[in-house]
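S.K.: Listed below are the residues making up each chain.
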Amino acid sequence: MVKKRSIYPYLLVAPAVLTILLVIFVPVLNAILMSFQSYDLRRPQEIAFIGLENYRAITENTLFWGSLWRTFAWVGFGVGFQFIFGFILALLLNHSFRGRGVVRAVSMIPWVTPGVLIGLMWRWMYDGNFGVINDLLNRLGILSTNIPFLSQVETALPSVIIAIVWQGIPFFALMILAALQGVPSDMYEAADMDGANKVQKLFFITVPSIKNTIFVTLLLRVIWVANSVDIIFTMTEGGPAWSTQTLSVFIFNQANSLNLGIASTMAIVLAILLVLVTIPYLRISFRKED
Amino acid sequence: MKKQSILSRIFLLYLPLIAILLFILFPFYWTFITSVRPAEDLLGRVTYWPSSVSFEAYRQLFTTTVDFFAAIRNSFIVAALTTAVSLTVSTLAGYAFSRYEFIGKRALMTMFLCNNMFPTVLLMIPLFTIMRTLGFLHTPWSLVLSYTTFTIPFSVWLILGFLKDLPMSLEEAALVDGCNRRKAFLKIIMPVLGPCLVATGVYIFMTSWNEYTFAMMFTNNATRTIPVALRNLIGQLGVRWDLLTAGGILTVIPVCIMFFFAQKRLVTGLTAGAVKG
Amino acid sequence: MKKKWLKRLVVVATTAIMGLSLLAGCGGNDTETPDGGAAENVETPDISEDTAETPDTPAVDGATVQFRYWADTPEFSQLMQDIITYFNETNTSGITVVGEEAPWDGGGFAENLFNSVMGGADIDVATWRLSSTPLFVNNDLLADLTPFLDTWDGVSDIDGNIWANMREAGGREDATFVMPWNLQILYVYYRPSIFEEAGIEVPTTYEEFLAAIEATTIDRDGDGTPDVYGFGLRGGPGGQEPWGSFVHGRGGSFEDMTSAESIAGMQDFIDVFQNGFAPPTAPSDGFSEIIDNFHSGLTAMTIHHTGSSGGMEEVFGDDVSAFPFPAGAGRWTSMADTSTVIFESSENKEAAFEWVSFLATGEGQRMWTEGTGNIPVSGTVQAGEFFQNNRFVQASIESQGFGGVIPILDTTPEWISTIFPNTIGQALLGQVTAEEAMETLQDALYR
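Respectively, the protein sequence lines represent chains A, B and C.
For the first sequence, counting from 1, position 9 maps to 9 in my numbering; every step adds exactly one.
For the second sequence, counting from 1, position 206 maps to 206 in my numbering; every step adds exactly one.
For the third sequence, counting from 1, position 73 maps to 73 in my numbering; every step adds exactly one.
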């Protein structure tokens with residue numbers, strides 16, 4: 001690490017910082033202020049500062065707690081499986097084989113597909129009457145009658161999680177694939193000479209060499225998935241019987257109802273939770289530099 | 001020896017690859033056959049092959065008020081501009097964060113990470129006012145500006161992650177050789193950063209290619225992007241499956257072709273020689 | 001008060017940040033950084049190609065009306081553009097309507113519109129759902145049409161009931177904020193061939209209707225699961241409309257959803273599902289699903305309006321017909337409306353009114369309703385040949401007498417979009433009783 005008092009780094013970060021400040025500084029400040037007000041635009045005459053009342057109100061709302069637990073499941077399983085499959089896919093795509101370029105290109109398809117189409121297609125495939133997933137499972141002899149996947153509480157959340165896993169695999173695959181390019185090949189050669197097997201090489205060379213990328217992509221993906229709404233919304237709108245309403249869907253619904261005070265309050269709670277998730281990484285990240 | 005390696009290639013490479021590809025590609029296949037099959041095929045007994053094939057939906061996308069060509073063009077303009085701007089700005093910032101120590105650095109890095117934690121739906125009314133005040137409403141710039149705001153922080157962190165995974169010895173060797181910092185950056189860092197920039201660029205491009213909420217608010221019929229055009233096909237009278245899926249296919253294919261060429265840069269840029277060098 | 005304060009804050013902060021960015025832009029030029037970032041964007045606002053921002057002239061002559069609408073299908077979209085073109089070419093005041101299409105977005109149209117108008121968007125007229133009225137009126141965004149209606153000779157061509165609904169939605173005695181345009185009245189679609197197979201006639205009472213649902217649930221191959229379900233029950237979004245008919249069929253009402261009668265109607269609705277007379281997907285079925293299920297022959301009856309009648313005839317020819325929801329202890333069906341509004345911020349209200357009145361009773365009314373199959377509000381158009389010779393339109397018009405709307409309060413949009421579907425889901429799936437569900441619905445609507 002170099003030069004403490006140089007103007008150079010400030011010039012380098014200035015464009016990024018200014019763009020961000022220009023666009024979201026005022027809106028975010030405004031949203032934070034709204035969380036301390038009874039800010040319901042359906043009743044604009046009643047808007048007033050009410051301190052922490054919104055925060056108290058959401059803790060008494062059973063829907064809030066339900067949404068919170070579902071958010072953990074949604075993020076935990078969603079990002080977890082995206083990462084596992086994405087990592088495997090990246091390792092596979094790093095091999096050389098005939099047609100690799102084409103395979104790499106088509107692997108990106110889920111990520112390119114517009115969110116609304118992903119939601120609608122999965123919804124259509126899950127359909128309890130004409131859906132292809134029920135048909136496949138019936139043909140394979142796994143099921144004897146159709147399951148209305150998105151119409152019952154037990155299956156709705158796992159079903160939407162599978163859709164988000166599908167959508168997120170390419171992101172991990174691409175980032176990890178790029179990071180793998182930076183692992184010096186002489187490290188593997190040295191390991192070969194020591195007689196290391198593939199699993200040993202994976203865990204003692206590959207993973208440590210790309211651990212920063214793994215941490216960063218996991219972190220960014222957690223933030224992204226925790227805030228994502230479109231796939232759940234087009235598949236189930238948070239139903240049936242609230243069974244797929246995550247915190248972000250709840251916030252989206254409240255914001256669409258123009259109950260912005262409560263929506264902001266929940267958004268801030270979600271942001272605080274996400275900050276808690278990022279702190280360990282930030283600490284590691286900052287400590288290493290000192 | 002040889003036999004074993006073929007077997008291991010099958011079990012460790014081809015089979016898992018085929019399994020993952022089946023999972024990834026099946027919904028895409030389903031989207032495609034929905035776009036070419038007659039509407040009657042959709043209901044009743046599930047068939048895995050269209051009873052007849054028609055590309056009528058693709059024609060309608062371009063000849064009706066959907067005007068999909070304009071949507072693709074607009075999406076492309078916005079995504080390309082956003083990628084160019086974000087990638088440049090993020091690379092500079094990412095480099096500064098990874099190689100310099102300066103006051104306020106941690107605060108800025110934390111701010112960048114927190115930037116995307118807030119749901120955009122809550123920011124809409126003031127953002128709309130800002131865009132209108134700036135005169136950006138209904139122009140691609142409103143989207144470029146909003147997208148960069150959300151792609152820059154992520155890109156900075158991604159690039160930072162990649163830079164940290166790169167061995168410091170590379171650059172130090174160059175500095176010892178008498179390069180100045182800028183030259184070291186351009187000559188040494190940039191080439192090995194290639195795969196990372198491609199990956200980050202793809203991330204930015206895809207994000208702006210598919211974004212709906214801002215696009216809905218800040219565009220009009222002339223500047224609307226693909227997601228908005230597609231959303232117009234879902235009315236109260238149901239989903240126009242033929243047009244929607246055809247639109248989806250046309251959204252995916254050009255980007256995949258572009259990625260096919262871009263991925264050639266995703267090869268080992270870092271050789272043993274470069275490190276020793 | 002608050003709004004002004006917010007607006008000022010936004011403007012001040014924006015200006016400050018713009019200034020900062022400009023400074024940064026200059027600083028950036030000294031270095032060789034290839035900076036294409038925000039700073040440059042700010043320096044060139046004239047990149048805007050926006051024609052909408054040309055200053056408006058207050059006079060009607062040559063005025064431009066910005067019109068935001070949604071279209072349910074690409075065909076409707078084309079139709080609306082044709083109507084706009086027709087109006088622009090034929091109106092004598094030199095008014096130009098500029099159409100701006102926005103997605104229906106599952107009802108998000110209204111929220112997007114609200115955010116735009118609050119953010120100061122330049123929109124004069126928009127297509128409308130009555131349920132959004134309180135939100136916009138409470139924020140003083142809609143123009144009162146009374147001064148225009150007082151001098152307009154088209155008022156009497158539209159039924160007094162409709163005007164009453166429009167007025168009620170605004171919540172003020174002396175003001176009308178919404179202009180009628182067209183109606184969607186719900187009735188029951190049924191398949192004559194399945195009725196024949198079950199050996200029943202078209203039901204004339206609510207009890208007969210419930211019996212018909214049971215009778216038309218048929219297990220043809222005897223495998224234990226029905227091949228035809230009696231009723232395509234809508235438990236997902238929009239389900240409140242058919243559900244309302246059940247509640248009223250038992251003599252209940254929206255005003256007191258916790259009365260014994262209302263709860264009995266709710267119980268009927270739940271029983272239809274729990275007894276297996278509706279497809280197992282019912283708790284999440286919305287519009288597309290109930291129509292798909294009916295189209296595929298999976299259901300014998302379902303409730304919808306004329307918007308879907310064209311598709312029905314295409315699939316079944318004569319083997320589909322309609323009857324009004326039968327009377328029980330009470331009778332009600334949903335008479336939803338699509339209407340138009342003029343915004344308070346519009347500088348061309350007179351020109352805007354010419355356009356909305358053209359849609360309400362003029363040639364615009366005829367073109368739109370004949371093209372979409374929606375029920376016209378104009379008595380003259382309704383009496384036309386097109387609407388007198390259609391069995392679905394006839395079922396709609398017969399239902400008009402007992403058609404109504406769900407009480408329009410500021411809570412209604414949220415109630416419709418999230419509270420109703422999820423609560424009904426809980427009831428159908430047995431998580432709560434009919435009574436508990438009705439209490440939730442009552443409390444949420446009259447909050």
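Treat the hints as calculated values from the structure; they're not laboratory data.
Every residue, glycine too, gets a C-beta built ideally from N, C-alpha and C.
Where hints are given, some of them may not hold.
As the list claims (entries may be wrong) - In silico contact screen, one side only, chain B against chain C (beta carbon under 10 Å); selected entries:
id, residue
1, Ser51
2, Ser52
3, Arg106
4, Met216
5, Asn221
To be verified - Anything over 12 Å on all C-beta distances counts as not near chain C; from chain A, calculated:
id, residue
6, Glu53
7, Tyr55
8, Trp69
9, Val116
10, Gly128
11, Asn146
12, Gly239
13, Leu276
S.K.: Against each hint, give a clear statement of whether it holds in the structure.
M.R.: Hints and how they fare:
This hint is violated: Ser51 (chain B) has a C-beta 15 Å from the nearest C-beta of chain C, more than the 10 Å allowed. Proximity of Ser52 (chain B) to chain C is violated relative to the hint, the smallest CB-CB distance being about 18 Å (cut-off 10 Å). The closest approach between the C-beta of Arg106 (chain B) and any C-beta of chain C is roughly 21 Å, which is over the 10 Å cut-off, so the hint fails. At about 6 Å, the closest approach between the beta carbon of Met216 (chain B) and any beta carbon in chain C falls short of 10 Å, and the interface hint on this residue holds.
The closest approach between the C-beta of Asn221 (chain B) and any C-beta of chain C is roughly 6 Å, which is under the 10 Å cut-off, so the hint is satisfied. Every CB of chain C is more than 12 Å from the CB of Glu53 (chain A) (nearest about 16 Å), matching its label as outside the interface. A cut-off of 12 Å between C-beta atoms confirms that Tyr55 (chain A) is not in contact with chain C; the least separation is 20 Å. Every beta carbon of chain C lies more than 12 Å from that of Trp69 (chain A), the smallest distance being close to 16 Å; the non-interface claim holds.
Look at Val116 (chain A): its CB is around 9 Å from the nearest CB on chain C, not clear of 12 Å, so calling it non-interface is violated. Distance check on Gly128 (chain A): its Cβ comes as close as 4 Å (rounded) to a Cβ of chain C, failing to clear the 12 Å threshold; non-interface status is violated. For Asn146 (chain A), the requirement that its beta carbon stay farther than 12 Å from each beta carbon of chain C is not met, with the minimum near 7 Å. Once the 12 Å rule is applied to beta carbons, Gly239 (chain A) is inconsistent with being away from chain C; the minimum gap is 5 Å.
For Leu276 (chain A), the non-interface assignment is confirmed: its Cβ lies about 28 Å from the closest Cβ of chain C, beyond the 12 Å cut-off.
Hint compliance for this structure: hints 1, 2, 3, 9, 10, 11, 12 are not met, and every other hint is.
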